[in-house]
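A.B. asks: What follows is each chain in one-letter form.
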Amino acid sequence: MKRLTVLVLLAAMAASAVACGGTIRDNVRKSANIAGETVLTLDQIEYDLHDAAVISDNRHAALKVPIGDVLVKVRAYVRVAKAWTENADTPDTLAEARTAALAAISVLQSALEGVDGVSAITNALAIIKAKIESVA
Amino acid sequence: MSPSQILALATSALSAVETLITYIVKLKAMAAAAGATDAELADVDVRLTEAIARREAE
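Top line first, the protein sequences correspond to chains A and B.
One gets this note's numbering by counting positions in the first sequence from 1 and adding 3 to each.
One gets this note's numbering by counting positions in the second sequence from 1 and adding 660 to each.
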């Protein structure tokens, strides 16, 4: 599992490097797509690790709200990116959506501090954060 | 722990690995794209909404 998460990080670094080209709109939409897919992966892995008894019942219950909040805030970011039509100005709601998503990620990162066996999730959070911050 | 319980745990662990591999393949494709289409973002929106509903239903 650790080797796989390293692969994920390498792939994310490659994705970040590619994100340098294109318009700001292109990069925001790309970052939203990657953030969305990554949080969906994180969500599924948390269920899998709970089923595999790597994450306890109590921990799983404690993660319900912070993971749910990251899902909601990243979805809001995806929606702002999707609504951004070609040649339009930067949406007023973009900065707010970014800030809210990053705040939710920080809360979840805090909830996972010191928990063993969740590197796949913490690495996924780092990817989402980096992608959203990369288009500031 | 019974053999069936061990098998169930191993299956769940393999499922996590499968999820990661699928994600890596997707990530490579997304990294190669110039942006994201409306259809891709709409699809992510729908699946995020489903994931939120699953969390809330617990």
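Wrong hints could be hidden among the right ones.
Unchecked claim - List of simulated lysine-lysine pairs, DSS-like, C-alpha gap at most 27 Å:
| id | chain 1 | residue 1 | chain 2 | residue 2 |
| --- | --- | --- | --- | --- |
| 1 | B | K688 | A | K132 |
| 2 | A | K67 | B | K686 |
| 3 | B | K686 | A | K132 |
| 4 | A | K67 | A | K132 |
No lab work stands behind these hints, which were simulated from the structure alone.
A.B. asks: Against each hint, give a clear statement of whether it holds in the structure.
C.D. replies: Hints versus structure:
1. For the suggested pair K688 of chain B and K132 of chain A, the alpha carbons sit about 18 Å apart, so the restraint of at most 27 Å is met.
2. Taken as a hint, the K67 of chain A and K686 of chain B pair is honoured in the structure, with Cα atoms around 26 Å apart against an allowance of 27 Å.
3. Distance check on the hinted pair: K686 of chain B and K132 of chain A sit about 18 Å apart at the alpha-carbon level, within 27 Å; holds.
4. Between K67 of chain A and K132 of chain A the alpha-carbon distance is near 19 Å, which keeps this suggested pair within the 27 Å criterion.
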